[in-house]
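J.: The lines below spell out each chain.
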Amino acid sequence: MATWKKLSLLLSIIPLLLLLAYGFKTNPREVPSPLVGRPAPPFALTMFDGNSNSLEQLRGKPVVLNFWASWCFPACYEEAPHLEAAWQTYRDQGLMVIGVDIQDRDADAKAFIERFKLSFPNGPDPQGKITIDYGVYGVPETFFIRKDGTIHYKHVGALNEKVLKAKIEEML
Amino acid sequence: MIATLGRFSVWLALALAVYGICVSVLGIRRHRPALIESAEGAVFSIFGLSTFAVLLMEAGLVGHDFSLEYVARNASLDTPLFYTIIALWGALEGSILLWIWLLALMGTLVVMIERKRQRELMPYVTTVLLCISAFFLFLAAFPASPFTTISPVPPDGRGPNPLLQNHPLMAVHPPGLYAGYVGWSIPYAFGMAALMTGRLGETWIRTVRRWSLAAWGFLTIGIIVGGRWSYEVLGWGGYWAWDPVENASLLPWLTGTAFLHTIMIQERRKMLKFWNVALVIITFALTIFGTFLTRSGILSSVHAFSDSAVGPLFLIFIGLTLFVSFSLLVYRSDKLQAESELDSLVSRESAFLVNNLLLLGFAFAVLLGTLFPLLSEAVRGVKVSVGEPFFNTVNVPIGLGLLFLMAIGPLIAWRHASLESLRRTFAGPLYLAVVGTGMCWFFGVRGLYPLLAFALSLFTAVTVFQEFIRGVRARRRNTGEGYLTALSRLTSRGRRRYGGLIVHLGVAFLVIGITASSVFKLEQEVTLKPGESLQLGRYQVRFDELSAWQEPHRFVVQGNFTIFNANQKVAEMRPAKRFYPAEQQPIGTVDVRSTMREDLYLVLSSFAKDGTSATVKALVRPLVMWIWVGGWVMILGSLIAIWPDRRRVAVTEAAGEYAVWQPGRS
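For the protein sequence lines, the chains are U and H, in the order given. Taking the numbering used here, the leading residue of the first sequence gets 1088, the next gets one more, and so forth. Taking the numbering used here, the leading residue of the second sequence gets 28, the next gets one more, and so forth.
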């Protein structure tokens, strides 16, 4: 076998290893949503307090649509206080925060709302319809919907203060 | 107590592995048999220690010793005993322990069986196996110790992942795969030993045939049972999703299949020596790659159960394996020249060569599809996902080509096949396959791929039957035996050949099942009120009511359905949803009514909490059962081919064209 053949056989291993090593730096769960930039799917939601909300009614307001569940520990527990804080800060500027509780028991969900003293509207999605329309992989996921009803940004995993603030201010 | 003993035995085993490597290298260099024997002793002791460690772990699990972190995470007071026992492979640390044990078991078997027969190779084989053991023992000793303790001791554990405690097949799928993965270490070790000693003749090839077949058989069990588990547990109605980890188990299976075929060419014709060593290295590296993918979390997969620190270590191990092995290979490349050449394009050798190209092409396509998201992100910064369409588009034609070769390969002659012999062998099967395919067409099968798949599977099946019938007839003519006696003697006198043919028959069944169930499936998802029904194919599915109850470790909501076929009640089916306290999502339990003709598959998608409605997904998938049947036929065939022969001399004579192969004599 020619020396160059031998060498190239051995050297061909390197790019493969580099590629795999690169994999450690990435997060495979971050999948781009095809919905970003498109009109948000319409939804209608009956809240735990009996009121109802729909995207139609909210046209003209930026909306933070957060998918959560009481069993989603720890991520949903981490972001809940930030969501409440953002709601308190920006509600006067027209921001709407809506929580969609998925695949949950009512009692557990209400205990979760009570625990974090969530005052923004929250409602269950019993048939999973909204969840499916928005292509939610898992909780928590959060959609930032612009005033004109198009999706500005999708966040997978727990939100932190920084992202929340930045994205809301981009939409206001 | 358990933790201390467990950690101690893992460390001691690691120390013994390192000791064994040192003494066997020393023994080889100084030609000191005593040192080599000592290294073999190390292999046995590692087996003893790892058995002890596994038993300790089981004692911890069954005895609910929640001071062990692994037990606290993977067992709970409510978990049934069966699932507590199999929680050993429910997570990373336990799986590594199982892996170590399997490797130690196989290492012990190899040393016991082969040390007398392969005096030159065995010291090297032992060294290589000890190196692999040392790596896994290192993982178990440090980054992924199964015997880590926690304090304060929790009163109860979290219990295993519900997906893993929902189906008895979980007792078979992971161990089958691991045994398949681990099993390939042995042919690899022999390949390395052949490279190191320079004894690159046919000796190592003959020795590893059985070990490779065993590894291949275990891998087959693992893959098929995994598909069945996915079908019966995950509730999407499918058995294969081209998920990265599934692909990772298919990769060594494909290259291993290629290896099993080309070693026959090397035995017969002393060709493809370089290629065989390369294949065994690639196959082994792919088994490690499979584990790496499962455990590193670098790709998104249903199997990425844990992200952990072992990923980089695995990568280093893969890198080292590839570099060392391929360096040795190129170092020895001058000794790996073929001693003969292809005589004719129409011959078994060339069929095997094309089969190899296709298998490797298949494997490459799967590897590329699996790693493409990573490649795309690394090179272009764009996240993509590669799914079923890619894999099906690329692999279905390759698969059909393989199927064709599988049908003709075993029946055409070595070196050169004459037109007359081709006609004699294939006229009948071809005729029947055409008639069969015509009937498929008549009954509404359309499309090139499905028709081709049916035609080629039929063709394969007919050729296999024809071989058996001809063999039995010939025996009866010569000996006057009864049909069954003739059949069993025929098979046992040519185990390799007839075992192989039976494996091919299994593959034909498998392909028929896969084709029919994916091309002709019916699917409907409907929300029903009690008393309402849906119609799907021949079946009327009536929703009767919901029932719900609390079990010790979970809460169950069940939909009760009655199935009618032409107004005749045929079954009651009860798909359910199970809610586990520690888990995020309810786990669906599918109800499947399987017949040889078709499966009716019900999933309870959702339900109204007051019981007034239920959404049910119903699927009819024809011939799914043939996939599992095909799997078992493949296993049966490989068992026949592995089975040791008692009358060696007699076999050598009777096996005719395999007379070259003489087990144990080399």
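Read the hints as simulated data drawn from the structure, not as lab findings. Hints may be right or wrong, so weigh each one.
Result set (BS3-like, lysine-lysine): computed pairs, CA atoms no more than 30 Å apart in a straight line [as the list claims (entries may be wrong)]:
#, chain 1, residue 1, chain 2, residue 2
1, H, 297, U, 1216
2, H, 596, H, 644
3, H, 297, U, 1092
4, H, 596, H, 362
5, U, 1148, U, 1216
6, H, 143, U, 1216
From a predicted model like this one, the values you see are computed outputs, not experimental measurements.
J.: Looking back at the hints listed earlier, which ones does the structure fail to meet?
T.: Numbers 1, 4 and 6 - these are the hints that the structure violates, sorted from lowest upward.
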